[in-house]
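Participant: Since the structure of chain A is already known, use the hints to place chain B on it.
Protein chains: 2
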Amino acid sequence: MQEKDIEQLKDFLEVKSKILLGPGPTNIDERVRRALSEQTISHLDPDFFNILDNISDLLREVFQTKNKITFAVSGTGSAGMEMAMANVLEKEDKILVLKNGVFGERMSDVASRYGASVIEMSVNWGETFNQGEVIEKIKSIKNLKAVSVVHAETSTGALQDLNHIGNYLKDTDIIFIADTVTSLSGIEVKTDDWGIDVCYSGTQKCLSVPPGLSPITFSDKALSKIQQRTTKIASWYLDLTMLINYWGSERVYHHTAPVNMLYALNEGLRICHDEGLNRRFTRHKENGDYFDSKLEVMGIKSFINKKKHSSLPMLKSIFIPDAIDDSTFRQNLLLKHNIEIGSGLGPTKGKIWRIGIMGHNSRKDVIDILFNVLELYLV
Amino acid sequence: MQEKDIEQLKDFLEVKSKILLGPGPTNIDERVRRALSEQTISHLDPDFFNILDNISDLLREVFQTKNKITFAVSGTGSAGMEMAMANVLEKEDKILVLKNGVFGERMSDVASRYGASVIEMSVNWGETFNQGEVIEKIKSIKNLKAVSVVHAETSTGALQDLNHIGNYLKDTDIIFIADTVTSLSGIEVKTDDWGIDVCYSGTQKCLSVPPGLSPITFSDKALSKIQQRTTKIASWYLDLTMLINYWGSERVYHHTAPVNMLYALNEGLRICHDEGLNRRFTRHKENGDYFDSKLEVMGIKSFINKKKHSSLPMLKSIFIPDAIDDSTFRQNLLLKHNIEIGSGLGPTKGKIWRIGIMGHNSRKDVIDILFNVLELYLV
Chain A
1278 MQEKDIEQLK DFLEVKSKIL LGPGPTNIDE RVRRALSEQT ISHLDPDFFN
1328 ILDNISDLLR EVFQTKNKIT FAVSGTGSAG MEMAMANVLE KEDKILVLKN
1378 GVFGERMSDV ASRYGASVIE MSVNWGETFN QGEVIEKIKS IKNLKAVSVV
1428 HAETSTGALQ DLNHIGNYLK DTDIIFIADT VTSLSGIEVK TDDWGIDVCY
1478 SGTQKCLSVP PGLSPITFSD KALSKIQQRT TKIASWYLDL TMLINYWGSE
1528 RVYHHTAPVN MLYALNEGLR ICHDEGLNRR FTRHKENGDY FDSKLEVMGI
1578 KSFINKKKHS SLPMLKSIFI PDAIDDSTFR QNLLLKHNIE IGSGLGPTKG
1628 KIWRIGIMGH NSRKDVIDIL FNVLELYLV
Chain B
1278 MQEKDIEQLK DFLEVKSKIL LGPGPTNIDE RVRRALSEQT ISHLDPDFFN
1328 ILDNISDLLR EVFQTKNKIT FAVSGTGSAG MEMAMANVLE KEDKILVLKN
1378 GVFGERMSDV ASRYGASVIE MSVNWGETFN QGEVIEKIKS IKNLKAVSVV
1428 HAETSTGALQ DLNHIGNYLK DTDIIFIADT VTSLSGIEVK TDDWGIDVCY
1478 SGTQKCLSVP PGLSPITFSD KALSKIQQRT TKIASWYLDL TMLINYWGSE
1528 RVYHHTAPVN MLYALNEGLR ICHDEGLNRR FTRHKENGDY FDSKLEVMGI
1578 KSFINKKKHS SLPMLKSIFI PDAIDDSTFR QNLLLKHNIE IGSGLGPTKG
1628 KIWRIGIMGH NSRKDVIDIL FNVLELYLV
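So the protein lines, in turn, are chains A and B.
Here the numbering used here runs 1277 ahead of the position in the first sequence, where the first position is 1.
Here the numbering used here runs 1277 ahead of the position in the second sequence, where the first position is 1.
Just so you know, the hints here were simulated from the structure itself, not pulled from any lab data.
If you're wondering where the values come from, they're calculated on a predicted model, not measured in any experiment.
No distinction is drawn between identical chains; accordingly, a pair holds when it is met within one copy or between any pair of copies.
When the alpha-carbon atoms are kept at most 20 Å apart in a straight line, the in silico SDA-like pairs for lysine to any residue are as follows: (1) LYS1509 - GLU1369; (2) LYS1628 - TYR1530; (3) LYS1422 - GLY1392; (4) LYS1628 - LEU1655; (5) LYS1293 - ASN1331.
Just chain A, same shape as in the assembly:
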């Protein structure tokens, strides 16, 4: 960059605010912005340890768990996924991965990189798995170490029920890994009731905190398996056996925690707590229904066949109306109207849009703004 180019920038960074209705990040509350900009303190300061304890406690609320090992990974949701795989799996371990979108595929890729023997079970994008069939598949695999599944598939908007699978796995030696990146704090995630052993999420979806951290929780069963490993965890950065000494009562330095992002997560979780989880779920449900009713009026079709499959209230995948050019339309929406929506990924690119109405942005007035603009182009 030439010196003059840099000089031309404003003295302070000023970002033009947009309405974020893509698949994340969402807009963030003023309280979170204020927390972010608090002066940094040390990752080894007793005052900071109180914040870490608070985060763990509030995460236990949203994960609906009593798991002692509940904290935030110093990386985004994908780092949480990698943390789950890297710690649970040893070379040649068998894992069953359920695939019905991008994030199921990613699980499969990550697990295989860590040397696991990956068995895939697939349905088409936009579809969900029959839990009974999954349980039959699990029964058919000898020496299965883990099962992993995406609760809320961000690439399609499909909602996968987990309760029966988890209930079956509870009485086995098999570790149940669930990706709740898009669902956490927007719909029920009952980690303990559903028998999930490793449950991870992201901050930039329904929690409405900037991207950069991955909330995660490990059951005693998962921890015990990890402690019984005979090989070292390949990732030093994501090694649970060391990280728990920092997040636990010993407070042993591992890496320098991302202090200000943790302030933000703490505040985002406090906002969830202030609203109350059930009220938050109801709000997401009502606004999801409101979105669907507006969609029906406009004659736009959902990508998910709702008669056959469950869909998410906070992430709507819809067919792009005929005669609309996908990228031109989304560009206009962003540049002229300051509204972001998401494109399709992989096989759905150019066919669907993904619209996130998550956390801070799950509001009727925001949905109205989007539809008022859609009407300009579509009616």
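Facilitator: Showing chain B alone in chain A's frame:
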């Protein structure tokens, strides 16, 4: 946590500000705080791509490199270290790791976890390597893939010269990895001149940005080696071959970038640019010397034998004066005077303190505050 405990907390997070004179994080400038709290936009927004380009350009300035592949890893400095090792090394590859403190030890651990055959060369903590001897060692190892070394050893305050080693390695097939976590933007880091192929740093030291990102740069030689790999990189999250498609012109989604932390890094780098690198180095040097002169007056001894080894201007390791109880003293300093300094690690615990005068905090008035308080206890 009981509900009442959470209710007792203040509505907004208010952190008691401290003077951070430990080995990082440092205090951050108002401009960085303001950038942090800008409203989040999407990681796929064209406005955000401009910020990413700006970060890469400004990082090339501080790394003194022309490397195209220059960006920030979505994790702390240790994630940068892991990124270097995970991408460069394949199983059984030989790496020579120079060890004279915690971060050399960590390099060795990380490399071995990724299956490398680690050859260690060690000197005592607080000492530095003779570059001629290192080159002789390198010559003695057949089929060496990489050499890795810590430029500024944060656990001891030792400064390792790299120019001759790098100059020798330039004409070989061997990859040179350097950890500049504590040195970057405080003293010269001449990535290209010194022949460093993979150079990584952290944000929370001399850049005075909160912890959470790791600036990193890869030479063409390193990139070409990585592209010739015959095995997949074990870490998906840190896989350079995918990440360069997001940071490069293609802008392919990999993971959701930590948007607000990148705002902060951009602003921290703009502050470096505004000051000018050479003026910044001079400031660190002068304040380091000022610190040493105050130390001498008080009769406190440096841990580094400066007649034999180079030391850092931004991280001072000093022997704890007799008759002072380490942890009581540091606790008083933090709780009564709001000043943080660092303890020794490993073999130096209870023997030395580590005092960081980095970036925003490399100032005479801050050093004076520290010494005024030290005098209360020590004189």
